[in-house]
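Using the sequences provided together with the hints, build the complete structure.
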Amino acid sequence: MAKAPLSFTYYIAAPVEKVWNGFVSKEANQIIFMGAEFEADLRPGGAMTWSGPGKDGKPMRYVTGEVLRAEPPKLFEY
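Numbered per our numbering, the sequence shown spans residues 694 to 771.
A couple of the hints might just be wrong.
[Said to hold, decoys possible] Under the rule of at most 16 Å between Cα atoms (straight-line distance), these lysine to aspartate or glutamate pairs were calculated in the EDC-like manner: (1) K711 <-> E764; (2) K719 <-> E730; (3) K751 <-> E770; (4) K719 <-> D734; (5) K696 <-> E764; (6) K767 <-> E732; (7) K696 <-> E759; (8) K719 <-> E732.
These are calculated hints, taken from the structure and not from any lab test.
See below:
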């Protein structure tokens, strides 16, 4: 059974390029997600991961995902 997609629309009072960088840059993601390392292949089917140290200090993945569509700087589906 296929999962129903979730869709969110955000209205942010900032230039579109700055908002885009907030979603895809490593630096912005470290601020937003409390130091987590962000890596993404922004092509359809590309992998996305947020990772960092676990409770024991060893590296771990917090979240993984898949890029569905990316149309910089206006659309980012994952």
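Q) Which earlier hints can't be squared with this structure? A) 3, 5 and 6
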